[in-house]
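Colleague: Given these sequences and hints, build the entire structure.
Sequential numbering from 1 applies to the sequence shown in UniProt numbering.
Treat the hints as calculated values from the structure; they're not laboratory data.
Note that the structure is predicted; figures quoted are calculated from it, not measured.
Every residue gets a Cβ at the ideal spot worked out from N, C-alpha and C, and that includes glycine.
Misleading hints may appear alongside valid ones.
To be verified - Ranges between beta-carbon positions, derived for each pair:
| no. | residue 1 | residue 2 | range |
| --- | --- | --- | --- |
| 1 | 46 | 93 | 32 to 40 Å |
| 2 | 7 | 86 | 18 to 26 Å |
| 3 | 46 | 84 | 29 to 37 Å |
| 4 | 55 | 84 | 19 to 27 Å |
| 5 | 92 | 1 | 16 to 24 Å |
| 6 | 75 | 42 | 38 to 46 Å |
| 7 | 104 | 46 | 18 to 26 Å |
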Amino acid sequence: ASVAGGEYHTCAVLDDQSVKCWGNNYDGQLGLGDTQHRGDGTGEMGDALPAVDVGGSVTSISVGQLHTCAVLVGGSVKCWGYNYDGQLGLGDTQHRGDGSGEMGDAL
Numbered sequence: 001a002s003v004a005g006g007e008y009h010t011c012a013v014l015d016d017q018s019v020k021c022w023g024n025n026y027d028g029q030l031g032l033g034d035t036q037h038r039g040d041g042t043g044e045m046g047d048a049l050p051a052v053d054v055g056g057s058v059t060s061i062s063v064g065q066l067h068t069c070a071v072l073v074g075g076s077v078k079c080w081g082y083n084y085d086g087q088l089g090l091g092d093t094q095h096r097g098d099g100s101g102e103m104g105d106a107l
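Modeller: Take a look at the structure:
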């Protein structure tokens, strides 16, 4: 298990190689398909906190100011969140993770 903290959000890789993120979510950096912050209200943490769908098992994670990147088993990298300057490396400037259908295999 490991934890990575950014300026406004934090993510953890759990023992089962799943990912959970909490904190600010204005740009989808939590990867939950919405822009709702997590961890700022009662009952939002622990088992109530949804796992991030990255489309596979995660070995490590890195958290930027408003975006997140994960290294999956097999070595592929998936990034989500703020992308105004192309920091997700996807060839565009569309944010990812702030709308439904943007995570998992869509990354």
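Colleague: Each hint should be assessed against the structure and marked as holding or not.
Modeller: Hint check results:
no. : hint                  : result
1   : 46 to 93: 32 to 40 Å  : 35 Å, holds
2   : 7 to 86: 18 to 26 Å   : 19 Å, holds
3   : 46 to 84: 29 to 37 Å  : 33 Å, holds
4   : 55 to 84: 19 to 27 Å  : 24 Å, holds
5   : 92 to 1: 16 to 24 Å   : 33 Å, violated
6   : 75 to 42: 38 to 46 Å  : 39 Å, holds
7   : 104 to 46: 18 to 26 Å : 23 Å, holds
Checked against the numbered hints above, the structure breaks only hint 5 and satisfies the rest.
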